[in-house]
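Visitor: Throw the hints in and build the complete structure from the sequences for me.
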Amino acid sequence: MSNHTEEHWHRRALEHRSTLFAVLTVFGISIGSLVELVPMFTVENAAAHATGEVQPYTPLELAGRDIYLREGCYLCHSQMVRPMRAETLRYGTWSRAEEYTWDRPFQLGSRRIGPDLHRVGGKYPDAWHYEHMKDPRSMSTGSVMPNYPWLLEWSYDAADIQASMKAHQRAGTPYTDDEIAAAPSKLTEEGEAIVGRLAEANITTTSDKEIVALIAYLQRLGTDRPKDVAKGGE
Amino acid sequence: MSSNQPVVYDDAIVKKFLGATLLWGVVGMLVGVILALQLAWWPANGDIPYITFGRLRPLHTNAVIFAFAGNAVFTAIYWSMQRLLKVRMWSDGLSNFHFWGWQAIIVSAAVTLPLGLTQAKEYAELIWPIDIAIAVVWVAFAINFFGTIHIRKIKHLYVAIWFYMSFVLTVPILHIVNNLSVPATLTRSYPIYTGMTDALVQWWYGHNAVAFFLTTPFLGLMYYFLPKAAERPVYSYRLSIIHFWALVCLYIWAGPHHLLYSALPDWAQTAGMVFSVMLIAPSWGGMLNGLLTLRGAWDRVRQDPILKFYVVGVSFYGMSTFEGPMMSIRAVNGLAHYTNWVVGHVHSGALGWNGMMTFGMIYWLVPRLWGRKMAKESWVGLHFWLATVGIIFYIIAMWAAGVTEGLMLRAIDPDSGLLLYTNFLDVVHTLDPFYWMRFGGGLMFLTGILMMFVNVFLTVRGSGEPFSAPAAAVPAAK
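As they're listed, the protein sequences go chains R and F.
Under our numbering, the letters of the first sequence match residues 31 to 264, in that order.
Under our numbering, the letters of the second sequence match residues 736 to 1213, in that order.
Treat the hints with caution; some may be incorrect.
Partial pick of chain F residues on the chain R-facing surface, computed with a CB cut under 10 Å [to be verified]:
{"no.": "1", "residue": "A779"}
{"no.": "2", "residue": "V945"}
{"no.": "3", "residue": "F947"}
{"no.": "4", "residue": "I1147"}
{"no.": "5", "residue": "D1150"}
Hints in this document: simulated from the structure, not taken from any laboratory.
Since this is a predicted model, take the numbers as computed values, not measurements.
In this text, a Cβ means the ideal position worked out from N, Cα and C, and glycines have one as well.
Guide: Next up, the structure:
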């Protein structure tokens, strides 16, 4: 097939030997992988060094987070305020690694078609979120976000959230068995608080609705600022 | 080497993968155009859960990467490795298991993603049962791949095979490590990693999917099909060795450039940035080896649309691999990150490099597989121009949009020291014209692939003139 006669040493040493070639390829990709990943599993692993300062999501917040994941919110909204003047002015204090301690999966995002959401917790009242998910333009003139009317109608399933909590527990999130068993009543309790606040704004809904869970999650976002940052400001 | 019996290659499997490439290419790009419309005109979300942007975008990315580009790479591998090793695939059964398994995975992705069944990790959205299926199908493919290498009749492994090998070996490692998770239900699971650890694992996977799914196998494709179409040997064997090993060793470090200025530890960010910048060298080694292979054949580029696809494809590879390292520099990334610039960058790679190389390969393969010239030969040139102009519209729109939004969002009023554009929506609507321009560019690109789909369909149905492959004057160098 070839007309050239020269035989380089590396042809016999390598390019004629498929097994060695494959082994060296895997070796080549292993160096960078190990150097970058192993420290992240050990010394830099927030979950392994958790101090208890950042608590896992409550059952209702977790239910809301599952909805956030399902709807692909991360494809238009980031959850990572970078340490830059324009960002801290626009969104609030920059994000710290500890704040993501119990985020499975992480939701940093890679695109801001809409604004960053990491400091959205507490920024607006519950009723704002309710109306905004129903029709974003009613709260935010000119918004290009889709309407999410089904979140106002669909209900979450308590047993489903217990399954989520169990999986998180097995993965290493410190939920106790008692907390998981008590999840259904805790869901109602947390939900009723939000339903009560919505009622003050003349919105009638029930605590089992997906929108209630999503509001719980959004209001939790970014409220776990480490104390030194919370005190010292930016 | 003892047998003189002619080898009967399995071309049926090549035909299947080629057809799947075309079909999923049309689907993936159609979804892309719908998404482009949704960004320009939000009512296109239709108040229907299953077609909102957040659910359709993973369908688009998965379809284009794993269905279109994936099937294209498999087409290239099944055609070229049999010929380079002068042997039929080791197992026809495994070849077919690979084909049907892969298509079943794609169909299940197309069903689950609009239903909102997702892992919510970018480019790794597919739920855990599908992830397991991917691993199983991949192992079958790898056994067949290495089985074929084991029974090869040509001792020397040609450059293309090295690049294919890095793809076959690395993709399952990335896939498995990134998808390790604890199932909660049949359709839902949570990663064993949390927070920034999960983020780094994800982008180690994500960027190396670019490296080992969209780059190295396409370089393998280039090293086989470009010299064939140009009827010239590869420019430099030595260069291919150097840039292969450099790519394999450097690319794997680049993931953290997706997390610059994030809460990832600084040392990891810096490592990602430094290795990303270094990647210019091996990337351009590949580009130059491709373009210089055309030395002495440039007159033919003027007439042969297949070579035009390759020239533009390899040039886009060079441009993307220059742009990528630049965007990995912290200061540049500070502006570009989170903006449409990144979207433009990705599409100059996906449409310009993966798309154009695939189109060139298909137009070269169809006459050889079905023994007929393309039914509409004039459409091939038209497709080339639609695709090229479409990409240019697309990336110019996204560059302009990205720089505009990056500058506006960081703009500070020098008098007050506060934000110049306090409302995020001021920025959103400044981008409207660019979104429409991108929609137009995408529509042109989609029209091109639709023409190709019809053209191949007509050819396969039998309306082209007979084609007999010219006796290969100069085979690919080895």
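Visitor: If a hint holds in the structure, say so; if it doesn't, say that too.
Guide: Status of the hints after comparison with the structure:
Restraint check, A779 of chain F versus chain R: the minimum CB separation of about 9 Å is within 10 Å; hint holds. With 10 Å as the threshold, the beta carbon of V945 of chain F stays out of range of chain R, its nearest partner Cβ sitting at about 13 Å, so the hint is violated. Interface restraint check: F947 of chain F against chain R, minimum CB-CB distance 8 Å, threshold 10 Å, status holds. The closest approach between the C-beta of I1147 of chain F and any C-beta of chain R is roughly 6 Å, which is under the 10 Å cut-off, so the hint is satisfied.
Residue-level restraint check for D1150 of chain F is violated (minimum Cβ-Cβ distance to chain R is 15 Å; threshold 10 Å).
When the structure is compared with the earlier hints, violations turn up for hints 2 and 5 and for no others.
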